[in-house]
Amino acid sequence: MTEEATPKSYAIALKLLSIRARSQAEMEKMLEKRAFSEDEIATTIRVLKEKNYLNDLQFAYQYSLFGATNRLMGRHRLFQKLLEKGVAAEVIHNALDQLFNEINEEKLLEKAISKKVRMDGLPKTINDFKRLYDYIYRRGFPTELIWKKLAPYKKRLREVAF
Numbered sequence: 072m073t074e075e076a077t078p079k080s081y082a083i084a085l086k087l088l089s090i091r092a093r094s095q096a097e098m099e100k101m102l103e104k105r106a107f108s109e110d111e112i113a114t115t116i117r118v119l120k121e122k123n124y125l126n127d128l129q130f131a132y133q134y135s136l137f138g139a140t141n142r143l144m145g146r147h148r149l150f151q152k153l154l155e156k157g158v159a160a161e162v163i164h165n166a167l168d169q170l171f172n173e174i175n176e177e178k179l180l181e182k183a184i185s186k187k188v189r190m191d192g193l194p195k196t197i198n199d200f201k202r203l204y205d206y207i208y209r210r211g212f213p214t215e216l217i218w219k220k221l222a223p224y225k226k227r228l229r230e231v232a233f
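Numbering (our numbering), first residue to last: 72 to 233.
Careful, some of the hints might be misleading.
Taking lysine-lysine and the DSSO-like style, the derived pairs with C-alpha atoms no more than 30 Å apart in a straight line are [unchecked claim]: (1) Lys182 to Lys201; (2) Lys225 to Lys178; (3) Lys122 to Lys79; (4) Lys104 to Lys86; (5) Lys220 to Lys182; (6) Lys225 to Lys195; (7) Lys195 to Lys156; (8) Lys120 to Lys100; (9) Lys195 to Lys178; (10) Lys152 to Lys178; (11) Lys219 to Lys152; (12) Lys152 to Lys186; (13) Lys219 to Lys178; (14) Lys152 to Lys201; (15) Lys186 to Lys201; (16) Lys79 to Lys120; (17) Lys186 to Lys156; (18) Lys122 to Lys178.
Restraint ranges, calculated between C-beta atoms of paired labels, are given here [as the list claims (entries may be wrong)]: (19) Pro213 to Leu193: 20 to 30 Å; (20) Lys79 to Tyr208: 17 to 27 Å; (21) Glu215 to Leu136: 41 to 51 Å; (22) Leu85 to Leu193: 49 to 59 Å.
Everything labelled a hint here was simulated from the structure, so no lab data went into it.
Bear in mind that the values here come from a model prediction, so they are computed numbers and not experimental data.
Each residue gets a CB set at the ideal place from its N, CA and C atoms; glycine is no exception.
Let the hints inform the model, and build the full structure from the sequences given.
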């Protein structure tokens, strides 16, 4: 630790990071709530970044990886969530590009659809189909991809209706 960062602000920042990873903006807000001066906050943030304890790109990637694999979120929803956490749009784009080079968004969408169908059953009415579409759309997947993957369900719905 450098002499410029106060031991108290640095210790609190480390404790916050030990609980969970945070973005730079989140850390700044947390330290502001604890009534540290702007200089103390800036110095503490600088020291954390120098030691690579605070890295928005790494945070965005890890958050997106967890959101995509465990919560079945698509690119759009992850983007919005990370913006809410104060991560810069360019950093988010880089993290999401890196993530979706490794993870197939189409397969992720299929998982989300099968999870919803497993919970609610196959759509039997137009309202059921709309409910399924809305659920998947809220997860943050692209509309074109949703329609492509829901086409068999829509076709089945027409066959059942007539």
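These are the hints, each one checked on the structure:
For a cut-off of 30 Å, the pair hint linking lysine 182 to lysine 201 stands: about 18 Å separates their Cα positions. Proximity of lysine 225 to lysine 178 is assessed by CA-CA distance (about 19 Å); at most 30 Å being required, the pair is judged to hold. Taken as a hint, the lysine 122 and lysine 79 pair is honoured in the structure, with Cα atoms around 17 Å apart against an allowance of 30 Å. With a C-alpha separation of about 15 Å, the suggested pairing of lysine 104 with lysine 86 holds against the 30 Å cut-off.
Taking the CA atoms of lysine 220 and lysine 182, the gap is near 11 Å; set against the 30 Å cutoff, the hint holds. Taken as a hint, the lysine 225 and lysine 195 pair is honoured in the structure, with Cα atoms around 10 Å apart against an allowance of 30 Å. Our distance criterion of 30 Å between C-alpha atoms is broken by lysine 195 and lysine 156, whose separation comes to about 39 Å. Between the alpha carbons of lysine 120 and lysine 100 the distance comes to roughly 16 Å, so the proposed pair stays at or under 30 Å and holds.
Using a Cα cut-off of 30 Å, the hinted pair lysine 195 and lysine 178 holds, with the two alpha carbons roughly 24 Å apart. The straight-line distance between the Cα atoms of lysine 152 and lysine 178 is roughly 21 Å, inside the 30 Å bound, and the hint therefore holds. In summary, the hint linking lysine 219 to lysine 152 is supported, as the alpha carbons are separated by about 25 Å, within the 30 Å threshold. Under the criterion of a C-alpha separation no larger than 30 Å, the hint pairing lysine 152 with lysine 186 is consistent with the structure, at around 22 Å.
Only pairs whose Cα atoms come within 30 Å are accepted, and lysine 219 paired with lysine 178 is accepted, the gap being roughly 12 Å. Proposed proximity of lysine 152 and lysine 201 is supported: the alpha carbons are some 24 Å apart, at most 30 Å. Taking the CA atoms of lysine 186 and lysine 201, the gap is near 16 Å; set against the 30 Å cutoff, the hint holds. Proposed proximity of lysine 79 and lysine 120 is supported: the alpha carbons are some 17 Å apart, at most 30 Å.
A threshold of 30 Å between alpha carbons decides the hint, and for lysine 186 with lysine 156 the separation of about 27 Å falls inside it, so the pair holds. With a C-alpha separation of about 37 Å, the suggested pair lysine 122 and lysine 178 falls outside the 30 Å cut-off, and the hint is violated. At about 23 Å, the beta-carbon gap between proline 213 and leucine 193 stays in the expected band of 20 to 30 Å. A hinted range of 17 to 27 Å for the beta carbons of lysine 79 and tyrosine 208 is inconsistent with their spacing of about 46 Å.
At roughly 24 Å, the beta-carbon separation of glutamate 215 and leucine 136 lies outside the given 41 to 51 Å, and the hint is violated. Judged by the Cβ atoms, the range 49 to 59 Å given for leucine 85 and leucine 193 holds: they are separated by roughly 50 Å.
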